[in-house]
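Trainee: Residue-level listing of the chains:
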Amino acid sequence: MSRLMRTSEITKRPVVTMAGEDVAQVKDVVYAAGGGAVGGFTLAGRGLFSGPLKQSLAWSAVTALGSDAVMIADESVLEPTQTLLDASAASGGSGGDVLGSQVLTDTGTDLGTVVDVVLEVGDTRGGACDVVGYEIEASEALGTKGTKVLIPLPDTLAASGQHLMVPASAKDFVSHDLAGFGASVAAFRAQLEGPK
Amino acid sequence: MTLFSEAKGRQVVSTSTADTVGKVHELVVDPATRSVLALELKKTASGDTLRYTDITAFGEDAVTVAGADAITEAGEDVAALLGKDHHLIGKRVLSSAGDDLGKVTDVEFAAESGRVTALHLESSEVSGQRLLGVGSYAVVVAAEQ
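The listed protein sequences correspond, in order, to chains A and B.
By the count of my numbering, the first sequence reaches residue 196 at its end, each step adding exactly one.
By the count of my numbering, the second sequence reaches residue 1145 at its end, each step adding exactly one.
Excised from the complex, chain A in its bound form (with noise of 0.2 Å):
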């Protein structure tokens, strides 16, 4: 079974080895692959005090995302910053923030502005951890102006640092909690898909 998670959820979990340490706590989400899927996490130290990490975890040496904490094997799994940044880089990730941007559909309509990143995260080690719908502040044209609702994305999409470009039938697929988001994106990419 794999479950649905907001980055934002995802930001202070604390980084967890087997052995009960926690070793760092995650600063932000590094994205891969065109921003489809999650490259790693940057890090920061624990406690009051305590900065960015200069090393970071990728996501190939996350043994489980769960809802408390991150878990690792041990210590020896993080890596420098840049080595996870330049893998990101060369996968023809953006690393551009997301959040802000405006959500345009290929017909021009603007559905609103990303507040949130909805995750798919895989439950077996080497499974992924994919990007599948933004949470977004709703605009005019979704009828429900200022709340927040969340809308399924296709595996990849264009995106400027400003706009997202998202198919028109988009909006058909938006749903309000995460509990019946996983069906919405499952539906919405069938149908992008086409019929078989």
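Since the hints were derived computationally from the structure, they do not count as laboratory data.
Nothing here was measured: the structure is a model prediction, and the numbers come from that model.
Possibly wrong hints are sitting among the right ones.
Claimed, not checked - Cut-off 35 Å, straight-line C-alpha distance, at most; resulting in silico cross-link-like pairs (DSBU-like, lysine-lysine): (1) B/Lys1042 x A/Lys12; (2) A/Lys27 x B/Lys1103; (3) A/Lys12 x A/Lys145; (4) B/Lys1008 x B/Lys1042; (5) B/Lys1103 x A/Lys54; (6) B/Lys1091 x A/Lys12; (7) A/Lys12 x A/Lys148.
Got chain A; can you put chain B on it based on the hints?
Mentor: Using the frame of chain A, we list chain B on its own:
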């Protein structure tokens, strides 16, 4: 089965002299073997560590040893597991899937072998077989399949 809460404070008595040679203060758990490696004692003359294998019996009313010389200073392996960072009771429990399961309220172990048989949490119980690690932040247990 014996609980840590019951074991603490139990007297340690020498079978050769019938003297009380110490009192159980803490139980030192080795997560690698999922068992009690040693007892940390209070009020002893020769040291504060009694290895579990040096115990004659872990009885219901007292722990018996052959003689006071079984009580020594902590060896390297025991010393590495001493201290608050390695205590289980009161610590949060994380599954290997990264989910918080609650806090450890007590630990159950087999008196004959020292093997940890169960962790008691506030509202559940976890088999001792699932224990993976005990660190300063959390007790880690294998996630349920």
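Trainee: Each hint: holds or not?
Mentor: Outcome of the hint check:
1. With a CA separation close to 40 Å, the supplied pair B/Lys1042 and A/Lys12 exceeds the 35 Å bound.
2. At roughly 26 Å between alpha-carbon atoms, A/Lys27 and B/Lys1103 fall within 35 Å of each other, so this suggested pair holds.
3. Note on A/Lys12 and A/Lys145: the hinted pairing holds, with a Cα-Cα distance of about 30 Å set against a maximum of 35 Å.
4. Simply put, B/Lys1008 and B/Lys1042 have alpha-carbon atoms about 11 Å apart, close enough for the 35 Å limit, and the pair holds.
5. Taking the CA atoms of B/Lys1103 and A/Lys54, the gap is about 32 Å. The hint holds against a cut of 35 Å.
6. For the proposed pair B/Lys1091 and A/Lys12, the alpha carbon gap of about 20 Å is at most 35 Å, so the pair holds.
7. For the hint linking A/Lys12 to A/Lys148, the alpha-carbon distance of about 22 Å falls within 35 Å, and the restraint holds.
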